[in-house]
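S.K.: This is what each chain is made of:
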Amino acid sequence: MTHRRLGGLALVILGIFAVVAWTHQRHVAGELLRTEPDQILKSPALLSAAMRIGRPQYQRHCRSCHGPALEGDAARGVPNLARNVWLYGNDPVDVERTILYGIRSGHPKSRNITDMPALVRTGQIAPDEARDAVEYLQSLAGRPYERSAALRGRSIYFGKGNCYDCHANDAKGVADYGTPALTGPTWIYGGDRESLYRSIVNGRHGICPAWVNVLTPVQIRALALYLVATSSPPPVSAARN
Amino acid sequence: MAAHEEFFDISKPSVRRSMSLLASGALIGLVIAGYGLFTAKGTRSHAVPPEAVALVNQRQILRSDFMTQTQTQFVLPFAETSREQRRTVLEDMINEELMVQRGLEIDLPSYDPDVRTALVAGVELEVTADVLAQQPTLEELRTYYDRHKDKYSTEGVMQLRDLLVKTDASHTAAGAHAAALAAVAALRRGQTLDAVIKKFGLVDSGRFMDAGHADTGDIFQFALRAKLDDALYQATLALHDGEVSDPVEESDGVHLIAMIKHRFPVAQAFEEASNQVWTDVKKEAQAKVRAANLAYLRSRADIMTAPEFSR
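Going down the list, the sequences are from chains A and B. Its first residue numbered 0, the first sequence is counted upward by one per residue in numbering that gives the first Met the number 0. Its first residue numbered 0, the second sequence is counted upward by one per residue in numbering that gives the first Met the number 0.
Since the hints were made in silico from the structure, they are not lab data. Since the structure is predicted, the reported quantities are computational estimates derived from the model, not experimental observations. Glycine included, C-beta positions come from ideal geometry on N, C-alpha and C. There could be a bad hint or two in this list.
Unchecked claim - In the EDC-like style, the derived pairs of lysine to aspartate or glutamate whose C-alpha atoms are separated by at most 20 Å in a straight line are:
1. B/K281 x A/D114
2. A/K108 x B/D91
3. B/K260 x B/D217
4. A/K108 x B/D64
5. A/K108 x B/E125
6. B/K165 x B/E248
Said to hold, decoys possible - Listed below are several chain B residues computed to face chain A (Cβ distance under 8 Å; list not exhaustive):
7. D8
8. V14
9. E50
10. R62
11. S63
12. Q68
13. Q70
14. P76
15. V119
16. A128
17. L131
18. A132
19. Q134
20. A168
With these hints in hand, go ahead and build the complete structure from the sequences.
M.R.: Structure, rendered in structure tokens:
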């Protein structure tokens, strides 16, 4: 008799808990969406909620390309997200935008301002000039380089190759265009001579899908915050691939 | 047994318990139905949902779009923008939404060609978005290349003269043909082009004047195909530097091609053509999706055509 009474009571309590948990979840989701992303990063409670929602989304949807630890894959041109280097800006708002609409995803709002042109294939520069440009990039990245080739490469960078136009005079890249820094230490397709040469010869046009109709707004916000919060700045020391 | 003990003892029937459970069930059902009714997509809402900054006639202006617009307009991180700046952006976005809604209200797409073009482009983009986002694997690219190898070669380029013996009142078809044959023979014996042109009264057909200079300009093979009839085109493809074709009769006279310089197409290896292969694979996939979408739209559409177009 007492057991039955307790069972009934437990069911009622469980129901109440379920309702409270559901209400709380809705409240947290609302808070995550209404609060500005940079404020969430400063609020341990909200950030922890974002991490709780964002981590499984990463594991389910992003891990297959970006890897289990956000490390990316240079062979496939998948950016390393673990080093707090963001092509389109490091504000959580920018990261959220990229997740929402993707990069060259075909969504009308996707990030699609420019591609890396195939400078050699299109005949804009010769293969030797591409090799010279690579030497110049090696010099910028603080690696061993051949001086005379690097000097010639510099004039290609600012002249015939028109590289400065997208990658900026200081080769640090431009977030508005989504052009990467060419100074290392992080590289999307690898910073060794051969990878850089291939990028100049064949061009690049990486793609990230749009998640706007797959994930809910709160999942996208949480995912952006998870990425920004998990990522840590790259080491300032010598460049690596 | 006390009344409350009877209520919780589920081994015995209790009218109070039954009524309470019935009432609770009804209440929960009402709450769920009400929640669904007031929060489902498209239903009227009196509160702005958390993912939106405004509702304009029940259409959301998304917070993420608002933040990006603010950043773009003031070239500042969102957190550094002022309340006034945000207000300005929001008002602009509300105005834009109102204009869009008005456009739909007056059925702008039915008569404005620009809006129609934009809509078609937008729908195509939407339909092909998944295809665009998919990266073909190296194996897929190679398979495609192997199946379409003949497509991947450099474009042939030529410098040539398309010379003509006109048929008119003074030249019969037979006479023109004989003159052309003699000219071909003279050229093959090694006489100069200028001398042969002068001797046999040949003229440039003028067909390549807009594709390059008639005598010195480079002409791409694809341009040649567009300019020449098939017989003359086929005769031209095989000619090497300095060779001359057999005479070919056309409606305006008898033609012969004198090839000055011919850079033949060169087949491209997969590595060389990989960029083009990638583009072609994407294009083919997009075309398939586009066709499937149109087939689906047609299958559910009620299309009636005028009698002269009905099958």
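S.K.: Could you work out which of the previously given hints the structure breaks and list their numbers from low to high?
M.R.: 8, 12, 15, 20
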